[in-house]
Each structure stands twice: as structure tokens, then as C-alpha cells.
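From first to last, the protein sequence lines are chains A and B. Read in order, the letters of the first sequence are residues 102 to 579 in the working numbering. Read in order, the letters of the second sequence are residues 27 to 458 in the working numbering.
Source of the hints: derived by calculation from the structure; they are not laboratory data. One or more hints might be untrue.
Only part of the chain B face toward chain A is listed, based on derived beta-carbon distances under 10 Å [stated by the list, open to error]:
hint: 1; residue: Val60
hint: 2; residue: Thr78
hint: 3; residue: Ile90
hint: 4; residue: Ser109
hint: 5; residue: Tyr186
hint: 6; residue: Ser354
hint: 7; residue: Trp434
Using N, Cα and C, we set each Cβ at its ideal position, and we do this for glycine too.
Here is what each chain is made of, one letter per residue.
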Amino acid sequence: MLEDLLLYALNVASELGAGYAEARYHKVDSMGFMSRNGVLISAFSEVSEGIGIRVLVEGSLGFASTNIIDKENIRKVVEIAISRARAHAKLLKKPIEFSEARLGRARYIVVPVKDFANLSLEDKVSIHREFWERVSKGSVREAKIPVTTLSYNEWTEEKIVMNTDGTFISSIVPRLSIHYNIVVHHPQRGYAQRFESFGATGGLEWLERWRLIESGEEEAKTLEKVLLEGVEPPRDPVPVIVGSEIVALMVHESCGHPSEADRILGREAAQAGKSFIKPNMLGQRIGNEYATVIDDPTIPGSYGFYLYDDEGVAARARYLYKEGIINEFLHNRATAGIFGVESNAAARAMDYASEPIIRMANTYLKPGNYSFEELLEGIKLGVYMKSYMEWNIDDERWSQRYVGLESYLIENGELTKPIRNPVLEITTKAFYSNIDAVGKELRFYAGTCGKGEPSQGVPVWFGGPDVRLKSIRLGIAL
Amino acid sequence: MSDVNLDNISRFVNELIKKGFDDVAAKVEVVDSVMTKIANSSVSIVQNWKRTIVDLYLAKNRRIFVLHFEPKSFKDLQKHVDSVISLADRVTESPIYAPLPEPSKVRYVEEVIDKRVIEAAHRENIESVAGMMQVGYNEIILSSSKGALLEEKKTFVQGYLRAFAQPDGSGQWCYTSTTLDLSGLESMAFTASRYAVDSRNRSEIEPGVYDVILSPMVFANLLEYITSMASAMSVIMGWSMFMKNRPGDVVASQLLTLQDEPRNTELPNFRSFDDEGVETCNKLVIEGGVLRTLLHNTKTAKYMNTTTTANAGWINPVPWNIVVRPGSATLDEMVSEVRRGLFITNNWYTRLQNYVEGMFSTVARDAIFYIENGKIVKPVTKIRIADKLGNILKNVAIVGRELYNIQWWEVGIPMKTPYILVKSINISKHTI
């Protein structure tokens, strides 16, 4: 029994002097196909399975893992984790301590509406062919589509987390993800390109919701239109409607990441960076009353779904910014201990060989009550940026840039000409302070968020409605 | 996995052939490493790994399957392989299929291990450091149905350090090697610390077009994208600025020559054989500004009617180690050539609007300096490079004479890169 082996690891760790020990069985089983222009390049299958051990010894944190799941090897890795943690304890400025937390003892399984086995292999392969045929032949008129690629991936994550504080959490979570790339070319107007990702927890029921092939057709049509008809954005400051796809990424980058307590404390300083939020900034204003950003792991079907984190703490919605105020940080038990609060269950590991670190789950801007037409109303000259390709943000999460892909001029309250490569380059405070209307339709987008050393990619959703910003000067990408 | 040895792997490959596959390759990688992560000048965690990773390449009737496992034993793999057999005739033929090639030969380096970098960093008057130090051992065994049975062992030392100096200074540098070289690690710490101290009291500048000196860290980050786009598979899949080019095309300044060097044993990604068992060779990717070759495995080579460059990846050819041919200038000489420009020591978050056009931006990070009339005038902050990768390559005006070993969180491919001066780069910043 895996549970017996995990318990054995905890007992060995306690015998060897660990003040805290945690053992996690973690299996990620995936399979899928990658295609180009409708033809399969290859099929792939990956299984990662093993046990990760984390110990706290004299205030020093140690981690070790093994994929040989037997007593002998488990004892070895526990010994390694403890001896190396102990050796570094004398270098610590301050011992690490874990906070009290609401630790769970539970099992949960996400049951797909449509199991992966409900679609034949041939049908899964035919998705690739149909995508290419419909996108390449029916969607563009003057331009050509030299390449589309499509990657289909179904995967299941299985975990058992136990620790010396009494946690027992067993979970099985299946996920589906699809990524595509469309390149559109026109001899005189050059190339345009779109990467799109879909991802969710559950099964094949998501295929229908995503309308994959229709999405590809629409994107290809849009790319051609941008290439052939795209004009420059206005040079002067104008109202900008930021589409939900961009808003979603913005709240992930400029609220979720800077609210990670480990980043605030400098633990990621040499990698993903620090945060403009300092430990004493809870309660300070970052935006106006529309700036409410929530991170909630418990949204059913979400790509970042979980009910207990990898330290066994019960998950709940976290209100990171609330009506413009910096309200709550994302915590694991170590950072919660430093801040004197309870962990809000943000610890996640990518696989058995990774330490659990603070991660977002599903981060979104709280929707308002405007319809899209109401957002447009009254704008004499403005811009609507619907989608993006290029983006980045500085390592304090303050200065950020998003380059619009599908974007339109707004004239007298209506969308008119497409705009090519408008640039929204804005500080975090300026974004959250310049929102003057928020749409009512909340939409989510899938991503793989990278953080840690070695870098760990974990599934997340980010979401938001369309929002309207007051007067903003846009740039243009070359 | 306790049964890793040449005989067992070879036997396993033979068993797969008997099951009916036309081509089989098995790559077993053993990694044993320790990583110490440092934050606020203190150890935040010590991580240890001993992993045995098995990658399998299977082809049947021109259908391709790539499998990745971390099994207890070869026996554990049987059920997975059996499930692939049942799929084999139900998926479609791969357009890039080519039979596995004949194998080649092996070379080794000595094992090394090390620590001692925090102390070196603290010799400068800085507030705190953060970073990572990793030492490890790596062993690769490759067996193929063509008779390849190859083994290679190596060690690696990697580290990077970010130093902070009050009130707002920061500097970052890195080092990578296959052998223990304390001077390289100490130099890393000194450089990060010096840039931290020198970049205190930053001010803002206006966006616009500047001549820019890129540090080896920044140049390596951009070259990571560029050389990955030189993979023939990136071109085939529409993820490459070289979609518009053929070997022989001018793609860069004539001052720029860069080579893929799998046989350079100073850098951790050296390989004597690629994943198809072909003996590797050092090769010019760009010579005097001219694109000499894309990076190929036998599949992409057949697809493009050329020969492999021994950069397999069973599906995706990969760069091994990238080395830029040095020029003759010192950093001071480069600075003295700039009338109005910038010196960017580090960057991160490079993203592209369009891979085919090479349209990108990247955030300048840590020490950035404004240069006027050949002199560094002041440290600046909050800017990004926003241009086309093709422009960066073509506008290289001076190449530095010293190469630095670069590999860190934002540069995965080990590189030896110099400081370079690039003319007329577009610099952007937030407008509000």
C-alpha cells in the first residue's frame, strides 16, 4: 500500500530528528498527439511517478525524491533530505517554521462527464485533420495558411499527501488540454500568427465547449483581416476597452504573482523576481473600486482546480485585491508563519520531484454589470484590444506590456477598422486605477504558469470580463 | 531503477524489435544532483535528486511514438509498450519519418563537485544575495535497433547570483561549466555585486532608438530564442523567423559568427552522440552573418532533402552548446564608441508577437546604464527592448573579445557569449 510507504517515510524522518516531514506520492500520466497541417507528427505518452519527501530539521528545509517506491529507497531519500537540511541549518539567518493550518483528511476524485475512452483513437486523430482542412481551406480568401499545428493532450494527476501533522489527502484529477498555432501569410503584407491554448479539469465534454475548429476558423479569418486591413492605433490618449483575454492575463501577472508571499519575502528574487508589494503593504490602495481580484482553486472544471493544497490545507477563494485595496497574500505554511496568519492553501508541486511552492490556481477580475455594447457607448474614438500574442512584465510586477493581435478602432460607439499591433504598456497601479467600467461576462483562459528553481509549470486558469480604461496612450509594435 | 546497464538496455531494445517495431531507440538518463537555493543571503532549501529517466522512440509502419517514463525497472515498461502496439496501426503515418541512422562513438569528462559562492559575493558591500548553486552528475545510455550502444558521463556545475544594494541597486550574473572552476564562480559573484553597487539611485529615460551594449547574459537570452528557431523542426512547425530563409541567406551582421559546439567539453551540454546515435560535430550556424545551416536530425534532414547535423532530438533537433566567435573589443572600448546609448546587463521575459517575423520584446532587468559621448552617465530603470530579432542580428556593430559561460533561469542552452554593441535598437517603456 502506498499509504503504508508514505507513513514509513514519515516515521523514518521523525526517528532521524525531523521536526516536520511530508511525503507525497505523485503520478502524472499523459498521452497525446502532435500534428502539422492535419497529419500526425507523432504520438506521445509520459508517466512520471514517485515520492517526494520534504523535511524541516533545525529550521532548515530539505527536499529529496525517488521514483523507486520501496522501503529501502524511501529510507535513503529521507536520510539524504535530513542530512543535507541539517548541514545547511547553521547557514540560516532565521529558522523556518510552519504555521498552524486547517489540515484535511479526505479523498476526492474529479469524475469527467465524458471519459477519455468515450472517443475512439481514430476520432481523436481525425480532429487534427478536420482542424487543418477547415482552417486552411474555408477561412481565408487572399492570404495563405502555410502552417497550422495542433497538440492534443489528456492527462491525469494522482496524489497522496501525508505529513507528520496528520494530513491525509488523496486526489485524482483528470485534465484535457489543446494548443494550436496558425500562421497566415500574404506576399505583400507579411505574416501574422496566433497561438491558442485550451485547458480544463474533466474530460472530453470540454471539446464541445471549446468549439475548437470554429475557433481556428475565426482566428484565421481575423488574422487575414488584420494583415490586409490593419491600421495604426491613434497616437493620442484614447479610451481603451481591454478584452477579457488580456484582462485575464493582466490580473495573473500584476495581481496574482506580486501577491505571492514567498516572492514578497524575496525567496524567488534571483529567478522570477521580487514584488512591488512589500510585507507591510496590506491595506494600501492599488486601484479604484473596480479592482477586485480573486484567486479560487475550487472552481469546478477549472484547469487549476484542487480542494486541498500539497501541504494538506483546505482550499478557499482568496481576495487578493478587494475594491482597490491590497487585501490578502497567497501563502503556504512557511510564509503564513512569518506573517502570523493561517495558510490559505497555495502550496503546489508540479510532480513528485518538485518541492511544493506558492502558486496561483484560477485568478480573475470580479465582473461588473456592463454589456459589451454599454462599454462601447459614448466612445467617440477609442480602441478595443481583444487578444494578444506578446506580453511581459518586469520582475517586480509593475511595468507591463501587451501587444494586441485582434484589435479594432472604436468610432462613435462602434467597432470599425482592425488595428495592427497596438501596444498597451502600463504600470500596475495605472491599470487598476484607470478602470471606469467592467463588463458582466466572466471568461476564463488556460495557461501553464512557470515559477521556482528548477522551474515548475502548473496548470492555471486566468479570467476576467472586458474592462474599459479611461484615456490611455497606446504604442505600436514595429 | 536498479537494472540500468548497457546489457539490459540492449536486451530491452531487442525485445521491442521482436514485438514488431521497425525502429527502436532507448535513452536512459541518470541524474544525481544537489541544488542549494539562496534567498536573502540564507539557504531557503536544499533539493536533491537521483532520477533515472527512460525515453523510448518507437516506429512501426512509419508511425512514430515517443514515450517518457521514470520506471522502477524495464519490466515495468512492458504494459506501456504493449499499449502502443495496439495503437500502432490506428494512427496515421508521420510525414517526417525516416529510419534510424547508423551509430557513432563516445568521449568522457572527469567528475567534479563544489560550493563556496555566498562568501565571495559578500566581499563587496552589498545588502543581500539570492541565487542558486547546483552540482550534479549525468549519465546517458543510448541503444538503438541499428546497433548503437553508447554511453556518456559528465558532471556539471551551475550557479547564478543576484545581488542587491540599497536603495535600489541590483546586479545578476551566472556561471556554468563541466568542471570545478572557482575563479568562474567567484567572478560571477563579483560581477553581480559590482553591478548592484554601480546601479544604485536609478533614474528614468525616454523611450526611443538607442545604440545598446548587450551583456553576455542578454545576448545569450536572445540567442536562445534565435538558435532554437534554427532547429529545422521549428521551421517546419511555423515557430521560426528562419521560415523565410535558406542556408546561404544573409541573416546577421558580417561580424557575427556563431557555432553549435556539442564537442566543447567546457559546457555542460556537450554530447558525443545525438539521440539517434549519430556522432556529433561542431558546426557553424551563422558565419560572417550568413545562415550556414539549420539544425537537423535524420527526419527533418530527409524532409528538407539534406543531411543530419547530429542535433537529434528524435522529433525536434536541438542546439547543444552555442559559442559566439569573439571579436577584439573590450567593454570599455565598446562604451567609448557610443554617443547616445544604453548598456543592459540582464533581461528576462522575452516574448514574441510573431515568431515568423521575429517581433519581440524583453524586459531589461537589474543594472542598466545610460551612456553619453562614450561615457557611462547614470543607472536607469524600467525599460524594455522592443524590436525584431532579425534587426538585432543585423545591427551588431562590435563584438567583444572575451567570452563568458552563460546558463541560468532565462538561458537553458549553455553558451559562451561576449558583450556586443547593437546599433539602433528600439527601446520602449510604459506610457502611464
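Does the nearest C-beta of chain A fall within a distance shorter than 10 Å of the C-beta of Thr78(B)? For Thr78(B), the interface hint holds, since the closest Cβ of chain A sits about 7 Å away, which is under 10 Å.
With 10 Å as the cut and Cβ atoms as the points, is Val60(B) at the interface with chain A? holds, 7 Å
Minimum Cβ distance from Ile90(B) to chain A below 10 Å? With a closest approach of 4 Å, the Ile90(B) hint holds.
Tell me if Tyr186(B) is really an interface residue toward chain A, meaning its C-beta lies closer than 10 Å to one of theirs. holds, 6 Å
Against chain A, with CB atoms and a cut of 10 Å, does the hint on Trp434(B) hold up? Check passed: Cβ of Trp434(B) comes within 8 Å of chain A, closer than 10 Å.
Any CB of chain A closer than 10 Å to the CB of Ser354(B)? Check failed: Cβ of Ser354(B) comes no nearer than 31 Å to chain A, outside 10 Å.
Per-residue hint verdict: Ser109(B), partner chain A, C-beta under 10 Å: holds, 8 Å
Of the numbered hints stated above, the single one contradicted by the structure is hint 6.
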